[in-house]
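**Q** Go by the hints and put chain B onto chain A.
Those sequence lines, one after another, are chains A and B.
My numbering numbers the first residue of the first sequence as 297 and each following residue consecutively.
My numbering numbers the first residue of the second sequence as 112 and each following residue consecutively.
By construction, these hints were calculated from the structure, which means they are not laboratory data.
Every clue listed holds true.
With the C-beta cut set under 7 Å, the calculated list includes, among others, these residues of chain A facing chain B:
1) G707
2) A726
3) P727
4) I731
Just so we're clear, the structure is a prediction, and the values are computed from it rather than from any experiment.
For every residue, glycine included, the Cβ atom is placed at its ideal position computed from N, Cα and C.
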Amino acid sequence: MSNPAETTILVVDDRAPKRYLLKNWLTRAGFAVTEAVDGQDALDKLQQRPFDMVVLDVKLPDMSGLDVCRRIKADPATTSTPVVHVSAHAVDAADRTLGLVGGADAYLVEPIDPHELVATVQAVLRYYRARRKAEQLADGLAGLAATTLAVTMARDFPELLSRAAAGAVRLFGTAAAVATETDAGWTLALATVSGDVTVAGWEPPGEDVPVGSHRLTGDATRWQLPAGWPDPGEVTVTTARFRAARPSLYLFTGVCADEDQTQLLTQLTQALGAAAEAQRAQDQDHRIAVTLQRSLLPRRLPAVPGISLAVRYEPASPQAEIGGDFYELSTLGDELLIAIGDVVGHSLHAATVMAEIRHALRAYAVEGHYPGRIVALIDELMVRLLPGEMATLCLLFLDPRTGRARLANAGHLPPLLIADGRVTEVWHRAPLLGINHARPDDLEFVLPEGGTLLLYTDGLIERRDITIRDGIADLSRLAAPVDADLDRYCDRLLRQLTNPPHADDVAVVAVRRL
Amino acid sequence: MDRASNTPQATHEVEVLPDRVRMVLVGEFDLANEQALTNWLVDAIEASPGRPLEVDMHDVGFIDSSGIRVLLHAHATAQRHGGSFRITRASGTVREVLEIVAVYRHLTGGA
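Next up, chain A with everything else stripped away, as it sits in the complex (with noise of 0.2 Å):
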């Protein structure tokens, strides 16, 4: 660990026989020597490289021994190389205190005994050693505490890995890689020393991962890391597994032979392996509450003489939380019904208010009631069964051969007519479903032959740099004319006035009369 070979020592002196005695103690004693003749040229070399140990005569030709010491303090990036002073001169108390509170580590003064020298070197390299494994130690540390709060801190896995493998780069000095089984399979991101970070696909070796935290160090092309890994000889690879069950998680780094890095590569990947359990976990929970709320919306479209019709419904982004926007679509005898809405809240909460609201409008319609009564109903329903939830709600009844319709609003956004190239909003304003308001009477109007009504919600038009006024404009623009298809008619609208990924979910609804 201390090989005295690799310690480099700087001997400042005017003298050339001077320097050439200590240079020969010390050489002998197993350091590594190097020369300078006065102030500046000790300086100067300073700043070419480090040093382990500053030898420093006090009096120099070109400036006193005792400045350069306190430049060398002064200055942060030798400010922790140790400065012994040694003195030809007689000197008393007074001097050596002026000397070590300039910031020496001790005074020597001549004539100087060769043991004695070689000890003082000794001693003070070894309480300097002892402080910078400790700094090292704690800086360490600190770097482990800023790449877990990171790491934890990432939205999906691409930025997780990334940032992890950026994180063991700072710590260790090496380049580094970090790979896991993700929803997209398993993915290595590959951070070099120069800070490039690169995320792809990786094949995982076939040998079985143990359980828990392994180290073990081999040649490179056995992981088969990508192409970008600078060094093709020996790595450290790292491994966290916390069940058998569960996928494991690779750090790669150059070899770490220090027993504090080791120590440090173990604590880093565990840490990365918790950060990747619970990212695991949240891409699940999301799947789970997609497929929930997909599974509360209408399997089927159902088929109406002489209507054609066309549905989507995107979810929020994986990053955002579950929405609660939902449609229905169903035939009443003779009427189709078809309404939107979006329930208050983004949770999987929020799906099943929807769940239970939707249910709850097909119950009242089947009991024959018109849409302003089923809107009054579900309201009383919310009020006294579901208090504090809020909902909008947009249901209109369309009589698919007259093209008559029948529409109640709660609080959502208006449907929009499109017939003959023209655009209207259809606004009946009545308060949003949760505070049992008073609502005024249906809105009756006609869907003419060939005219199309569209539904939607604030999803494809909300943005906070615009109004909703202009949101809706712009929807109207690029409303008309309708496709002929209207998937593609869905489709284009989604892809005009959306961009992926969604922070909300979006739910729209395309209906044409024949």
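**A** Using the frame of chain A, we list chain B on its own:
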């Protein structure tokens, strides 16, 4: 880049007047600060029960459905405490969205 930076900036100031409590809201209100807004309003109502609470919305630039829900809850809570709640000076997008969900009159004391 991270989630924290997505949190909209929002602040509030409360002024207790002899005949009412006045709160000035500033910023954007959505799911991210729904809880904070709830706490501010409920604290103000509970600190001066029975005293009318007036919320100045002039400097609110955005409010989404979560924020509207909080306002409606506050309205109900104030009434339960024997007081009243109304918003004032809502404009632009905020007023527009309150009118679309048709609670503007309700929240301004008009209905």
